[in-house]
Amino acid sequence: MAEDTNIILESKEPALGKIEVAPQVLEIIVGIAASQTEGVARMRGSLANSVTELFGRKEQHGKGVKLVFDGDELAVDVYVYLNYGVAVPKVALAIQDSVKQQLLFMTDLDLREVNVHVEGVIPEKTAQQVDPDNLFNQSDEGDSDQ
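Mapping to my numbering: the sequence shown position 64 is 70, numbers consecutive.
Because the hints were derived from the structure by calculation, they are not lab data.
Given the structure is predicted, the values throughout are model-derived calculations rather than measurements.
Idealized CB from N, CA, C, for every residue including glycine.
Mixed in with the good hints, there may be bad ones.
[What the hints assert, rightly or not] Cut-off 25 Å, straight-line C-alpha distance, at most; resulting in silico cross-link-like pairs (BS3-like, lysine-lysine): (1) 18 with 106; (2) 96 with 106; (3) 96 with 72; (4) 131 with 96; (5) 131 with 106; (6) 24 with 106.
[Stated by the list, open to error] Computed beta-carbon distance windows for the label pairs: (7) 131 with 38: 22 to 32 Å; (8) 140 with 44: 37 to 47 Å; (9) 12 with 93: 12 to 22 Å; (10) 113 with 138: 52 to 62 Å; (11) 78 with 131: 40 to 50 Å; (12) 112 with 74: 16 to 26 Å; (13) 38 with 90: 31 to 41 Å.
Start from the sequences and build out the full structure, keeping to the hints where you can.
Next comes the structure, spelled out in structure tokens:
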């Protein structure tokens with residue numbers, strides 16, 4: 007979770023005033039950029055996040071993101087679960103690139119570092135087919151009418 011102080015963006019025109027961005031905004035930008043990277047299954051969240059999503063509340067895009075703002079430098083930690091079978095270093099580098107590009111494009115902030123923490127791998131879900139005529143998967147081969 008980010009600090010409670012707003013981050014002041016440097017303006018090219020200081021006479022116009024200052025621009026402040028809440029840390030939660032940066033968390034959301036980073037969370038969306040990371041979660042939309044190919045190979046990312048989901049972001050790490052707390053138990054409370056999982057429970058609220060079960061009850062139909064919207065996904066929190068800032069989950070799995072930690073910001074550290076140190077003077078003029080910003081460091082980002084991203085915690086993700088990847089899909090099974092992807093190249094972990096390739097996906098991690100893509101996450102770093104995507105996060106850096108989006109933050110630079112949307113806020114003009116340069117990052118000191120983007121640390122990607124792979125928390126786990128999520129296997130593919132196999133779809134189980136249920137035959138409505140044979141709910142209990144009984145075979146007719148060994149049955150005998152006596």
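Right, here's what the structure says about each hint:
1. 18 with 106: Cα-Cα ~21 Å, so holds.
2. 96 with 106: 16 Å, holds
3. 96 with 72: 22 Å, holds
4. 131 with 96: Holds - the C-alpha atoms of residue 96 and residue 131 are around 23 Å apart, at most 25 Å.
5. 131 with 106: Judged against 25 Å, a Cα distance of about 31 Å means the pair is violated.
6. 24 with 106: The given pair, whose Cα atoms are some 23 Å apart, holds under the 25 Å limit.
7. 131 with 38: 22 to 32 Å: Once the Cβ atoms are compared, 24 Å apart, the range 22 to 32 Å for residue 38 and residue 131 holds.
8. 140 with 44: 37 to 47 Å: Roughly 39 Å apart at Cβ, these two residues keep to the hinted range, so it holds.
9. 12 with 93: 12 to 22 Å: Given a distance of about 38 Å, which is not inside 12 to 22 Å, the answer is violated.
10. 113 with 138: 52 to 62 Å: 54 Å, holds
11. 78 with 131: 40 to 50 Å: About 45 Å separates the Cβ atoms of residue 78 and residue 131, which means 40 to 50 Å holds.
12. 112 with 74: 16 to 26 Å: Given range 16 to 26 Å: holds, Cβ gap about 19 Å.
13. 38 with 90: 31 to 41 Å: 23 Å, violated
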